[in-house]
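A.B. asks: Quick mapping for you: the protein sequence lines, in order, are chains A and B.
So for the first sequence, the working numbering puts the first residue at 458; every next one is plus one.
So for the second sequence, the working numbering puts the first residue at 118; every next one is plus one.
No lab work stands behind these hints, which were simulated from the structure alone.
All of these numbers come straight from a predicted model, not from anything done at the bench.
We put the CB at the ideal spot given by N, CA and C, even for glycine.
Please note: incorrect hints may appear among the correct ones.
[Unchecked claim] Computed footprint of chain A on chain B, listed as stretches where at least three residues anywhere in the stretch have a Cβ under 8 Å from a Cβ of chain A:
1. 191-204
2. 221-231
3. 293-307
4. 365-371
5. 380-394
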Amino acid sequence: MTKITFIASSGARIDVDAVDGSTVMEAAIKNAVPGITAECGGACACATCHVYVDEAWTAKTGKPAATEEDMLDFAFDVRPNSRLSCQIKVKPDLDGLVVAIPERQA
Amino acid sequence: MADILKTDVVIVGAGPVGLFAVFELGLLDLKCHLIDILDRPGGQCAELYPEKPIYDIPAWPVISGQDLVVKLMEQIAPFSPTFAYNRMVTSLEKLADGTFRVTTDENEVVEAKVVVIAAGGGSFQPKRPPIAGIEAYEGHSVFYSVRRMEEFRDRDVVIVGGGDSALDWTINLQPIVRSMTLVHRRPDFRAAPDSVKKMFDLVEDGKMRFVVGQVSGLAGDNGALSAVTVKGDKGEETVKADRLLPFFGLTMKLGPIAEWGLNLHENLIPVDTEKFESSTPGIFAIGDINWYPGKLKLILSGFHEGALMAQAAKRVVAPGERIVFQYTTSSTNLQKKLGVAG
């Protein structure tokens, strides 16, 4: 299990245990974290699981792939640390990961 | 009123479940007309995940969304269904003789004894970018598609997006507008490289501007836009604009189905599990759009629902006619319909 902290747009912190090999989006949905819609169910085909990766973690989560960048075009208020949470695989390396949820999903 | 098309069954939605319903209805000699908001068959398989592998279609250990659609189209070809694409069904009414009249947003009218709603998650509609107050400008200054190019003549036009729609309209509208600005959040584009090159050539020639950034605000009053604020790496910029075309992709909305009196349950159509009929006799609902205890939103479940629905639909179209249950493996009659009889 890997600990992930979601920070809601209200500032509330939600800590969840995520299964290694699953995705950050799946961890959010499984734990009913508000603000992650994931309309397409994780196919990298929408932009409704958009998160901001805490600056301390961007090196470990890596950069979005080209298809993910394409989808981020549809997201609202995209920043350099924007990612689609369905494209971040949970691994022991990410234990303690902090991601913030935007005010609105696309 | 335009000519009325008459058929046995109108299917709302040409996704995998709507397509397979043509097969099951066809075996029972029912002719189908399908209406879909997209410009091609396949629904979510075509729009959301054409290249994604699907692993739970029986007998296909793996198949892509697009291949599934191609195979379904091949499978239903013997029944010659008719299709109306780029259309949204706007109204559904029951006539005195029990026939249903279906009208599209292009004012086409279709009449049939049976309506099958296979609309999945609803219709794909342009996504509204979450810019505060944008609703007030929609239809006057903000448009999500170009229906009439004249609407943009001699206007200060801002187009937002980096896909083919954004680039194509930038290039096509540029010659007639007063000023053209393309706004995209990054210098890379999803659009065809050729269109991107054309756009940069226009910028080079001083015929338009390209701004890297995101639209963060709108200014104007009474639905008349005067400027948009673009937030980029170097801060905010105000761009003069009286027309805005945001291209942010598509999202699924239930749409007019909500107004058809079908006693919706959390935006889904409740049906029974014998006939998959809605609260209105003659209107069936199959696939992701329906709801019943134990419902699973799986393509394979939608196929099953279509098979059972077809039996009930046949009884509506041809009451009193005896339905003989037959197998495609052994029935000469069915094989003739499929064009494979020896």
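A.B. asks: Would you list, in rising numerical order, the hints stated earlier that this structure does not obey?
C.D. replies: Hints 1, 2, 5 not satisfied by this model.
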